[in-house]
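Protein chains: 2
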Amino acid sequence: MGDEKRVLTMKTINPRAVEMEYAVRGPIVTRSVELLKELAAGAQKPFSKVVDLLNSDSFPDDTKQRARRILQGCKGQSTGSYSASPGIDVIRQDIADYITKRDGHPSRPEDIILSTGASDAIKTVLNLLMTGDSGNNRAGIMIPVPQYPLYSATLTEFNACPIPYYLNEENKWSLDVSELKRAIDEAKGKCKPRAICVINPGNPTGQVLSRKNIEDIIKFAYEEKLMVLSDEVYQHNVYAAGSEFFSFKKVMTEMGAPYCNMELASFMSASKGYMGECGFRGGYAEIVNLQADVKAILLKSISAKLCPPILGQVVIDTIVNPPQPGEPSYEKFKKEKQEVLSLLKKKAVLVTELFNSIEGITCNEVMGAMYAFPRLHLPEKAVEAAKQKNQSPDFFYCFQLLEETGLCVVPGSGFGEKPGTYHFRITILPPLEEMRAVLEQFKLFHMKFLQKYK
Amino acid sequence: MGDEKRVLTMKTINPRAVEMEYAVRGPIVTRSVELLKELAAGAQKPFSKVVDLLNSDSFPDDTKQRARRILQGCKGQSTGSYSASPGIDVIRQDIADYITKRDGHPSRPEDIILSTGASDAIKTVLNLLMTGDSGNNRAGIMIPVPQYPLYSATLTEFNACPIPYYLNEENKWSLDVSELKRAIDEAKGKCKPRAICVINPGNPTGQVLSRKNIEDIIKFAYEEKLMVLSDEVYQHNVYAAGSEFFSFKKVMTEMGAPYCNMELASFMSASKGYMGECGFRGGYAEIVNLQADVKAILLKSISAKLCPPILGQVVIDTIVNPPQPGEPSYEKFKKEKQEVLSLLKKKAVLVTELFNSIEGITCNEVMGAMYAFPRLHLPEKAVEAAKQKNQSPDFFYCFQLLEETGLCVVPGSGFGEKPGTYHFRITILPPLEEMRAVLEQFKLFHMKFLQKYK
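Quick note, the sequences are listed as chains A and B, same order. Just so we're aligned, residue 18 is where the first sequence starts under my numbering, counting upward by one. Just so we're aligned, residue 18 is where the second sequence starts under my numbering, counting upward by one.
A hint or two may mislead.
A pair holds if it fits inside one copy or across any two, identical chains being indistinguishable in the list.
Unchecked claim - Straight-line alpha carbon distances no greater than 20 Å define the calculated EDC-like cross-link-like pairs of lysine to aspartate or glutamate that follow: (1) Lys363 / Glu240; (2) Lys207 / Asp150; (3) Lys92 / Glu451; (4) Lys92 / Glu203; (5) Lys236 / Glu186; (6) Lys398 / Glu370; (7) Lys469 / Glu348; (8) Lys209 / Asp150; (9) Lys354 / Glu397; (10) Lys236 / Asp20.
In short, the hints are calculated from the structure, not lab data.
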C-alpha cells in the first residue's frame with residue numbers, strides 16, 4: 018500500500034513513541050534473547066511443586082500436556098519470570114491459529130501482541146496514533162455514543178480529540194454511514210482524524226453488527242483514511258437468532274484490495290466470553306498491515322511495560338486453544354461452555370422481553386455481549402427534579418434505584434447518549450433466578466417512580 | 018500543610034486527570050460495592066477445585082490458612098474476578114502492617130494502591146504531576162543519571178521535561194545536594210519542577226543511600242517544593258556491611274514537621290527482593306499526605322485500568338506477610354530466603370572484586386539491588402571506532418562482547434552517564450559458579466579488546 022494511503026508512517030506516528038528509548042529491552046537485549054535463557058537459568062523457580070501437579074491424577078492428561086507445552090514455551094524459565102514484551106511465542110502462535118480457523122484466512126503470530134487485559138492493548142495502539150497537543154493538531158478518534166468509557170477516558174488522558182458518532186437506536190444500535198460522515202465532517206479542521214473505534218458486539222448496547230454494516234464501515238474508513246480499531250472482546254457472546262459474529266479482519270480480507278491492505282487492530286480479552294476470567298488480566302491485539310518501521314516502534318513502545326502477566330497469557334491460551342473432540346477434557350469443557358452460553362442467552366431474552374413489557378421503557382434486543390441498555394422515557398417532573406439536583410436524569414433515576422432496591426446499574430450518561438434520551442446499562446451476569454427476582458423488584462421501583470413524578 | 022506548600026492541589030494537578038471520567042467505576046458503582054457482591058454472585062467461579070487444594074495434605078496448614086484468608090478477602094468472589102481498583106482490602110491492610118513494622122511508624126491501608134508491577138504505579142503518580150504540553154509549561158521531573166529507563170521513557174511518552182541530576186560515582190553513587198541544586202537551577206524557567214525521583218537501592222548503580230543523604234534530599238525537596246518519588250523496589254536487597262535500607266517515609270517521619278507532612282510516593286514490587294516473581298506483575302505504592310480531593314482524582318485515574326492482576330496482588334501479600342516463627346512453613350521459608358540473599362551477597366562481592374582486578378575497569382561496591390555498573394576506561398582508538406560506526410562507545414563494546422562471548426549486558430548509555438564516561442550494567446542473578454565462569458570469559462574478552470584498540 019502506498020504511503021499516502023497509510024494512517025501510520027514514520028512521519029505521521031506519534032513522535033513521542035519514536036523518541037522513547039527503553040535500554041533494558043533495547044537492541045542488545047533483543048539480539049540476545051537466546052543467550053538470556055542461559056543467564057536467566059539462575060532465576061529459575063523451583064519446578065518441583067509444579068511437576069508434582071503435572072504428575073497428579075487429579076488432572077486429565079490433555080490438561081497436563083497443555084501445561085507442559087506452555088512451560089516449555091516459557092523457554093526454560095517458569096511462569097514466575099518475565100516473558101518477551103509481546104508475549105510468549107507459543108501463545109502468539111496459538112492465537113494466530115485460532116484467528117486463522119475462526120476467519121478462514123491466515124493470521125501471523127508476528128502480528129499478535131499480548132496485553133494486560135484488552136484495555137492495555139487499546140491504549141497502546143491509541144498512543145501510536147497521537148499527533149499534536151493543541152487545537153487542530155490533536156489526533157481525532159471516532160468513538161461510538163454510547164461507548165465503553167475506556168475510550169473517552171483514554172482520549173482525555175492523551176489530550177486527543179474524541180469524534181463522537183451516534184449509534185442508531187432505532188435500527189438495533191447499528192452504525193449509519195451518513196452519521197459517520199456527519200461526525201467526521203464536523204470534526205475536520207478541528208483535529209486530525211486518525212482512527213475509528215467500533216465495539217462489536219456492543220458495550221453497553223448489546224448489538225451484533227451485520228456483515229453489510231461492517232463492509233460499509235470499512236469502506237468509510239478507507240475513504241477517510243482512518244485506521245480501524247475493532248473491539249471484539251465479546252466475540253463469543255452472540256445470542257440472537259440469525260446473528261453471527263464477523264471479525265473486521267475477515268470482512269476486510271474478503272473485500273479484497275484495496276481494503277484488505279488497510280491498517281487494522283482488533284482486540285480480545287480473557288475477561289469476557291464464556292470464561293470471564295477477568296482477575297487474570299489477559300488480553301491480546303492482532304495488528305495487521307503496519308509498515309515495518311512503524312511496527313518496530315509499536316514493539317518498542319510496549320517494551321517499557323516489560324510484559325503482560327504470564328498467567329493472564331496462559332488463560333488466553335486456554336481460550337484460543339480449548340480442548341478438542343477426543344481429548345479427555347473435551348466433554349466436560351463442551352458441557353460447561355454450552356451451559357454458560359445458553360444461560361446467558363436465556364437471560365438476554367428475559368431482560369429484553371421484560372423491559373419492553375414495562376410502561377415508559379423500550380429496549381433493543383440483547384443480541385450479544387453481556388448487557389441490556391434500555392431507554393427510560395422519564396416524566397418531565399423527574400427530569401426537572403434531576404436538574405434541580407444538578408444531576409443527569411438517568412443518574413438521578415439510577416441513584417434512587419440503588420438506594421431503594423440495592424440494584425446497581427450504570428446510568429447511560431456515563432456512556433454518552435443522544436441529548437434528551439436517558440438509559441442505563443444492566444449486566445446479564447447474575448444467575449437466572451436471581452435476575453428474575455431482581456427484574457421484578459426493578460419493575461416495582463419503576464412503577465413507584467413513575468407515580469411519584471407523573 | 019498549607020496549600021502554598023503543596024505540590025498537588027486541584028489547581029496544580031494534571032487537568033486531564035481531573036477531566037477524565039470512567040462511568041463503569043463511577044459514583045454509583047462506588048456507592049454499591051456492597052451490593053455488587055450480591056449481583057456478582059452469578060459470576061462466581063467453581064470453588065470446588067480450589068477447595069480440594071485447600072484440604073490437600075501437600076500444603077502446610079498456615080499456607081492453606083493464608084489462602085483461605087485471601088479468598089475471603091476477595092469478598093465471596095474468586096481470584097478470577099476483578100478486585101476494587103486500588104486492590105483487595107485485606108492485602109492493602111497487610112501492606113500497611115508491613116510498612117508500620119518496617120519503619121516503626123504507622124502506615125494506613127487507605128494510602129496503599131496495588132499495581133501491575135511497580136512501573137504501573139510510577140506512571141500513575143507521574144501522570145498526576147503533568148502540567149502543560151509546551152515549552153516552559155511542561156512538568157519537570159528530576160531523575161538520576163544513570164537511571165532505570167522507565168523514568169526517561171515515561172517522561173518522553175508524557176511529553177514532560179526530565180531534569181537529570183548526576184549521581185556521584187566518586188562517592189558511591191550518592192546524591193550531592195550541590196548537584197541537585199545545579200540541575201534544578203538550570204531547569205528553572207525551562208519547565209515547572211514538580212518532583213524528584215530517587216532509586217534506593219540503586220538501579221543500575223547498586224548503591225544504598227545513607228540516612229544522612231536521604232535527610233539532605235528531603236530537605237532539598239522541601240525547599241524546592243518537590244514531591245518525592247522513592248523507588249524502593251530493592252529494599253530487601255542490601256548486602257554491604259554497614260549499609261541499611263531506610264525508607265524515605267521513615268526518615269521523613271522522624272525528621273518531624275514540616276518534613277513529615279510532605280507529599281511522598283514510595284514504590285515496591287514483587288519482581289525483586291528474594292522472590293523475584295516478576296511474571297505475576299505485582300506491585301504497590303504508598304502515597305502519603307495527599308489532599309483529599311487530589312486523592313480522589315488519583316483513585317479515579319486508576320479506575321480506568323479496572324484492577325491489577327489478582328495473583329500479582331496475592332504474591333505481594335506473601336512478601337509483606339511472610340510465615341512467622343512458630344508457623345509450620347517458617348523454617349523452610351527462612352532457609353530459602355537466607356540462601357537466596359546470601360548467594361546474592363556472595364555474588365555482589367565477587368563481581369565488585371573481579372571488576373576492580375581488571376585493567377581499565379573500576380567498579381563501585383555493589384551495596385544492594387541486583388546489579389554492578391562498572392566503568393570502562395576505553396582506549397581512544399576504541400572510542401574513535403565506535404564513533405565511526407555511529408555508536409556510543411559502550412554500545413560498541415557491549416555488542417562485541419555479545420557477539421564474541423554470548424554475554425548480554427546493557428550499555429551504560431541506555432541509563433545515561435556523565436559525558437565521556439562509559440559503563441555497562443550486569444546482573445548478579447545467575448548461579449554463583451556460572452557467574453564465576455562468565456566473569457572469566459568476560460576478562461579474556463576485555464583483554465583482547467584492549468589489545469585490539471591499544
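Tested hints:
no.: 1; hint: Lys363 / Glu240; in the structure: neither (40 Å within a copy, 64 Å between copies)
no.: 2; hint: Lys207 / Asp150; in the structure: both (12 Å within a copy, 18 Å between copies)
no.: 3; hint: Lys92 / Glu451; in the structure: between (46 Å within a copy, 19 Å between copies)
no.: 4; hint: Lys92 / Glu203; in the structure: neither (52 Å within a copy, 48 Å between copies)
no.: 5; hint: Lys236 / Glu186; in the structure: neither (22 Å within a copy, 60 Å between copies)
no.: 6; hint: Lys398 / Glu370; in the structure: neither (27 Å within a copy, 81 Å between copies)
no.: 7; hint: Lys469 / Glu348; in the structure: neither (53 Å within a copy, 67 Å between copies)
no.: 8; hint: Lys209 / Asp150; in the structure: both (11 Å within a copy, 18 Å between copies)
no.: 9; hint: Lys354 / Glu397; in the structure: neither (45 Å within a copy, 68 Å between copies)
no.: 10; hint: Lys236 / Asp20; in the structure: within (18 Å within a copy, 54 Å between copies)
Hints 1, 4, 5, 6, 7 and 9, counting from the list given before, are not met by this structure.
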